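Participant: Single-letter residue listing:
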Amino acid sequence: MDNSATTPVDRRVVEAMMPYLTEKFGNPSSVHFYGQEARAAVDRARREVAALINARPNEIVLLSGGTEANNDTVLITVMLANNEIGTVQPIAEIGTLVRELRAGGRKYLWLHTDGVQALGRMPVNVETLGCDLLSMSAHKLHAPQGVGALYVRRSVRLAPQNIGGHQERERRGGTEAVSMIVAFGTAAALAREELDARIAHMRALRARFEAGVTERISDVIFNGDTERRLPHISNVSFRFIEGEGLLINLDMQGVAVSTGSACSSGSLEPSPVIRALGRGDELARGSIRFSIGKDTTDEDIDYVLEVLPRAVENLRRLSPLYQQAIAERACTAV
Amino acid sequence: MDNSATTPVDRRVVEAMMPYLTEKFGNPSSVHFYGQEARAAVDRARREVAALINARPNEIVLLSGGTEANNDTVLITVMLANNEIGTVQPIAEIGTLVRELRAGGRKYLWLHTDGVQALGRMPVNVETLGCDLLSMSAHKLHAPQGVGALYVRRSVRLAPQNIGGHQERERRGGTEAVSMIVAFGTAAALAREELDARIAHMRALRARFEAGVTERISDVIFNGDTERRLPHISNVSFRFIEGEGLLINLDMQGVAVSTGSACSSGSLEPSPVIRALGRGDELARGSIRFSIGKDTTDEDIDYVLEVLPRAVENLRRLSPLYQQAIAERACTAV
Amino acid sequence: MPYSNILKDHLARPRNAGELADANRVAEQTNPACGDRLKLSLRVRGGRIEAARFLAYGCPPTLACGSVLTELIEGLTVDEALRVSRAEIIAAVGGLPARKTHAAALAVETLHQAIGQIHRQV
Amino acid sequence: MPYSNILKDHLARPRNAGELADANRVAEQTNPACGDRLKLSLRVRGGRIEAARFLAYGCPPTLACGSVLTELIEGLTVDEALRVSRAEIIAAVGGLPARKTHAAALAVETLHQAIGQIHRQV
Ligand SMILES: Cc1ncc(COP(=O)(O)O)c(C=O)c1O
Ligand SMILES: Cc1ncc(COP(=O)(O)O)c(C=O)c1O
Ligand code: FES
Ligand code: FES
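Residue numbers (the numbering used here), protein chains in the order written: chain A, 1 to 334; chain B, 1 to 334; chain C, 1 to 122; chain D, 1 to 122.
In isolation and in its complexed conformation, chain A is listed as follows:
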């Protein structure tokens, strides 16, 4: 239940990358056969990644992941979909605005969006979105960690990130991570093919999960816009308790979830995203992100629904806030 942090690598993806971990080990910069074989594989993958977001292959810069992709210098950046609560932002509207500003003379105003969570979970089309740059990370798409890409619209000029090699049309130096790039390409192709089915599957499981939670646990709040929301995320605040204790309790029973985002965890401050929803510290600290993947099953959900109410109950029994609330409710009832 933590597919927002990372996703299991698809078996088909591993199969596709294996040859590049064994006999096909060329350096794409080498002129000879082995090198050119690697180059061709990289270019095939680039085409698949481009196709997934309706871009052209030469607009794709392959690199080490979403974080590296986010490390460009641009003026406006908006998350396409938030990684904590899954809310989808109105990028297309912002895109129109940016284009108008640009037409009005602000020539170097670019719109960047972090598409890491959205990819493979909603249709992402750079033309419809109107963004100039878009970050992608393969490990959220059932490929391994350590590879990603930045979409760069043809009109945009960027300073290269790693100096010292001529790879990626001078936009990113370093020998290409061939096997990983092949994995990313395969994952992109599969995501494109299976997108509708995956979305329907995740949406159905989430509905099952949220109905179950509502039925079995009192004092819960579902965070985020119920309409404009990625299909795989359910972010829930459990009143009177704190998220990390719940996370560890669930973990000890084999259920992996997140508080906040994996990217920023380790800080464990009350989530600023949930707070921004006007929820206050207690609800922010009590929020847990459940995230479903294409491989999650009905049985997985049912197991969580069995374990979760007990874990919440146990922590609430410990909580002075809960005891106080019970006492107050008893008084009001009288």
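By construction, these hints were calculated from the structure, which means they are not laboratory data.
Be aware that a few hints might be false.
Dumping the calculated EDC-like pairs for lysine to aspartate or glutamate here, alpha-carbon to alpha-carbon at most 20 angstroms [to be verified]:
hint : chain 1 : residue 1 : chain 2 : residue 2
1    : A       : Lys24     : B       : Glu15
2    : A       : Lys24     : B       : Asp300
3    : B       : Lys107    : B       : Asp72
4    : B       : Lys24     : B       : Glu37
5    : B       : Lys24     : A       : Asp300
6    : D       : Lys8      : B       : Glu313
7    : C       : Lys8      : A       : Glu313
8    : A       : Lys107    : A       : Glu93
9    : C       : Lys8      : C       : Glu71
10   : B       : Lys24     : A       : Glu15
11   : B       : Lys24     : A       : Asp295
12   : B       : Lys24     : A       : Asp10
13   : A       : Lys24     : A       : Glu37
14   : D       : Lys8      : D       : Glu71
15   : C       : Lys8      : B       : Glu37
16   : A       : Lys107    : A       : Asp72
17   : B       : Lys107    : B       : Glu93
18   : A       : Lys24     : A       : Asp43
19   : D       : Lys8      : A       : Glu37
20   : A       : Lys24     : B       : Asp295
21   : D       : Lys8      : D       : Glu88
22   : C       : Lys8      : C       : Glu88
23   : A       : Lys24     : B       : Asp10
24   : B       : Lys24     : B       : Asp43
Given the structure is predicted, the values throughout are model-derived calculations rather than measurements.
Knowing the structure of chain A, use the given hints to seat chains B, C and D with the ligands on it.
Facilitator: Leaving out everything else, chains B, C and D with the ligands in the frame of chain A:
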């Protein structure tokens, strides 16, 4: 014969990384079991990499490769061993000098060295070398492309490369490429274990190769210091012809070699490194890098020695420089 | 793992959770650093802590420190309990990350507040 | 691959390599951009190129352009040979990377120099 550009991935390395491409797919930043399993694997690999160069684990920053590792900002950088001709530089002497300068008040003077070619091909010990930073790349060490590390001596402070994550003690953001890092760690452990045997093997094969070339081909020059030289590289200039044509001829017969370094190929300018040896344009353009690996065999060498003289001869027959030299020699002989 | 297995065990099976119906000493404190809360209720007879119960809201270290504290102090005299240190609590939960040691401080302070009532009453 | 299979084939099996013992036109040029060299020797009879041979030093495109050029011009009249263009040579080697098109220019120029001798002699 192009092991300087990249090396075949070791079977044992692939086996070690496979679990992290299948069932063990956690994000090391996640607090739960899957995440901590990934974190433990990353830390194990970090220890192996540290051990290979006699560093401490917390002095190792894992990142996407040698190029990224070289992208820090430091004052003095020297290649430990050159990637074209394999000459080993006197880093230890420079290290002493830098330490003296630092003791004399130049507090922020750091010595960086690019150890990419040297690793696994000679003993690399950061204490003996006295360097403050050292770049490493896994794909030169029989692990996949797209992972590497920077050694950072504990006293050195660096600005982080990828902002947006707290990984690698704030020194390099981005979800760790777990499977690749595991592969790198395994490759480092194997390299440490097998270093002496690998060096002896490569040195013997190179001697066989160079003796064969000397015997069968006239007008050849071996570039680089014959003593202070990595054991796997033989850089040869063939007079009267140009390297790229020879490379393609060899490639068509299944022998992969390089002109210059793979990092800078694509430019195909006469090699500045060979020119710096005082060789002149013709010899610089006629230079080819043969590089041997731990898996190269006697038979591989013998096949090259069969194919190479013919390829050189065919190109020389085409060369006006060669015809002219023959004519001149005929005159002098008279 | 940021947290020890001992700590996680206290989280899964808190010792002495709840409130004592017959407590004669109750203290509740909020950690100024983060808002974590600890409530202790003690039954003290003849200068000895006969029973201790805790409630806690906050991060796992706060919960575990509350649990461990009750174990450590049950049966001790008041004077002995006053010598229970932050370091001892941290050791008893199997260690804490540096930025979480203030959870042990909260435990010590809440205990001292409760014991302070005793001293005042004596 | 930066180079076409046609180009690589010319490299592996150069056509008309060498010098003509009975050449009546010989020209050699060095590419000012990079030092590549091309030497052409032709046997011209009655305004027609009966035979052409080349020698070349330099990158694969220079070698292949030399080879292809001899194939293109053998049998042509001098006037026809003068119409062989850079683009035609580039097409005949299966295309060239942009930064290597000057190899085809060298071929055309060396041919024109050789033919220039003819025109002068006529
Ligand atoms: C929205 C978002 N952007 C960027 C990243 C970072 O990408 P990567 O893990 O590939 O560095 C993440 C998560 O890891 C994310 O959820
Ligand atoms: C000496 C040297 N440094 C750095 C690199 C670049 O490392 P990477 O390929 O991992 O980016 C190379 C070769 O690729 C090299 O030979
Ligand atoms: S967050 Fe401060 S002690 Fe728990
Ligand atoms: S390098 Fe200039 S044409 Fe060959």
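Participant: For each hint, tell me whether it holds in the structure or not.
Facilitator: Hint check:
1. Lys24/A with Glu15/B: Holds, at about 16 angstroms.
2. Lys24/A with Asp300/B: The hint holds at about 18 angstroms.
3. Lys107/B with Asp72/B: 17 angstroms, holds
4. Lys24/B with Glu37/B: Between Lys24/B and Glu37/B the Cα gap is close to 7 angstroms, so the pair holds against 20 angstroms.
5. Lys24/B with Asp300/A: 18 angstroms, holds
6. Lys8/D with Glu313/B: 17 angstroms, holds
7. Lys8/C with Glu313/A: 17 angstroms, holds
8. Lys107/A with Glu93/A: 19 angstroms, holds
9. Lys8/C with Glu71/C: 16 angstroms, holds
10. Lys24/B with Glu15/A: 16 angstroms, holds
11. Lys24/B with Asp295/A: 15 angstroms, holds
12. Lys24/B with Asp10/A: 12 angstroms, holds
13. Lys24/A with Glu37/A: Roughly 7 angstroms separates the two Cα atoms, so the pair holds.
14. Lys8/D with Glu71/D: Given that 20 angstroms is the threshold and the Cα spacing comes to 16 angstroms, the pair holds.
15. Lys8/C with Glu37/B: 16 angstroms, holds
16. Lys107/A with Asp72/A: 17 angstroms, holds
17. Lys107/B with Glu93/B: Given that 20 angstroms is the threshold and the Cα spacing comes to 19 angstroms, the pair holds.
18. Lys24/A with Asp43/A: Status holds; Cα separation ~15 angstroms.
19. Lys8/D with Glu37/A: 16 angstroms, holds
20. Lys24/A with Asp295/B: Answer holds: Lys24/A to Asp295/B is near 15 angstroms, not above 20 angstroms.
21. Lys8/D with Glu88/D: 18 angstroms, holds
22. Lys8/C with Glu88/C: Given pair Lys8/C, Glu88/C holds - Cα atoms ~18 angstroms apart, limit 20 angstroms.
23. Lys24/A with Asp10/B: Satisfied, since the Cα-Cα distance of roughly 12 angstroms is no more than 20 angstroms.
24. Lys24/B with Asp43/B: Between Lys24/B and Asp43/B the Cα gap is close to 15 angstroms, so the pair holds against 20 angstroms.
Of the numbered hints listed earlier, not one is contradicted by the structure.
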